[in-house]
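**Student:** Listed in order, the protein sequences are those of chains X and Y. Residue numbering for the first sequence follows our numbering, starting at 8 and increasing by one per position. Residue numbering for the second sequence follows our numbering, starting at 8 and increasing by one per position.
Some chain Y residues near chain X, calculated using beta-carbon distances under 8 angstroms: (1) ALA178; (2) MET181; (3) GLY182; (4) LYS185; (5) VAL187; (6) ARG188; (7) VAL189; (8) ASN191.
Don't read these hints as lab results, they were simulated from the structure. The beta-carbon is built from N, C-alpha and C at its ideal position, and this holds for glycine as well.
Number of protein chains: 2
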Amino acid sequence: MEIRLAKSYGFCFGVKRAIKIAEESPNSVTFGPLIHNKNEINRLKERYNVGLVEQIEEVPDGGRVVIRTHGIPKDKLTLLRQKSVEVIDATCPFVTKPQEIVEQMSDEGYSVVIFGDSNHPEIKGVMSYAKDPIVVLSVDELRTHLPSIKEKVATVAQTTRKFEEYQKIVAFLMGHKKEVRVFNTICNATFENQDAARELSKEADVMIVIGGKNSSNTKQLYNICKENCPDSYLIENASELRPEWFEGKKMCGITAGASTPNWIIEEVIENIKKNQV
Amino acid sequence: MEIRLAKSYGFCFGVKRAIKIAEESPNSVTFGPLIHNKNEINRLKERYNVGLVEQIEEVPDGGRVVIRTHGIPKDKLTLLRQKSVEVIDATCPFVTKPQEIVEQMSDEGYSVVIFGDSNHPEIKGVMSYAKDPIVVLSVDELRTHLPSIKEKVATVAQTTRKFEEYQKIVAFLMGHKKEVRVFNTICNATFENQDAARELSKEADVMIVIGGKNSSNTKQLYNICKENCPDSYLIENASELRPEWFEGKKMCGITAGASTPNWIIEEVIENIKKNQV
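If we strip away everything but chain X, and leave its shape as in the complex, we get (with noise of 0.2 angstroms):
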């Protein structure tokens, strides 16, 4: 049996940076997960001595602390700076871009609108670079903000978001304003993987799909695959492999989410290979 990898899966660039930086500063804290997957998170403890906090009073002084690819509120990080220790940022770039340019939006007089979800940590970050930004997720939200919205609006997106969506959330502000400033800051890296699965999933007939079982971009990936594979697996790691599955296939396909490192992926593949033996 043949095993193909997807052309794309697994975590994105700004998590192979984050967690490149983590290994690089051993004996640290991360504020906050560094991605959603425990034995990620594990092995940066026991290799580096990466540790975890949640709240600023837990990272000691003296100490370093790493900030996690979704970046934080611009408070939380004064704070941080203002403790002796040492802040290593590890924010992804496309996050500190709509950061930087709400800041500049609100600075040059615009009325920020920012389309993502306001509980996300990612546009907690960012809202709190922008003077009284409006957060919604569609129009018809965007539509009961409009009279505190001025006639110069700047608007950035979540990275994870839809394009098409932010298309209508744009098409929607500049019917009502005259000047709408579009920074297009929606990351392709999820529809990149997903994309990848379509393709694989079309050819395979056993798709394995390597991520957490409430990872809502593994289950994604997972309906996908489904949709042009039946047999298509969702999987957490190796363990869970059963070789019935295998049994008569000519080409299995493997992807992963988001959140799934290389060392689980290949894990998975040594095993379905050892299986076939």
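Since the structure of chain X is provided, determine the placement of chain Y on it from the hints.
**Tutor:** Okay, now just chain Y, sitting in the frame of chain X:
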């Protein structure tokens, strides 16, 4: 029979303003026809001695020249200003705005995309204020220009274009460039006349549309009326009215194209009333 005027009809704000400026500038010439209506041009000539020239060389030395609502290219304005003539600017403020915007955006290093017809006098004027502007009427046209457009792009629209088409241009641009600065320079005047004609023609049992038979906006008004009121007639002036159109009718609706002066509309109304007696 009741006679009712559409809530919005005839001249837009910019044309009303330009005619007032011309009336207040006797013994001048306009650079190009002030409006697409010979009757009105003749009236200005006879009553205010406001003439018409098509070339800069024709503007008499020491004379006064009126710039029409469309505006003119920057180099021609400069040439006029270098002559010993008084330049009276009747450019519609809604046209001056995009001229100023594209000039500023070019200065700030943005590529400029103009949604409009490069052969239209308004757009010829606006284009002249931008550095290497891209002028397109559709997304397909825009696509061919993508490689020459910078990551920072500003966009304006011809005042008379359809908003929905402009939204498509912007939706496309934001998918390909990092920053899209959208200025909504579309003027609602044309659409206000159309909306009002639609509304009135639903209630009228005869509709009179007054305007040039070659005028595209008048023909559009006529088509809208015809849809709702089969007894709709397009006339250029009162002499074309026929008494039989009004026989047994209860309500006559009146609208007029964007180049139809009020005095022609008033003549038509007077004539209809007379025939009724």
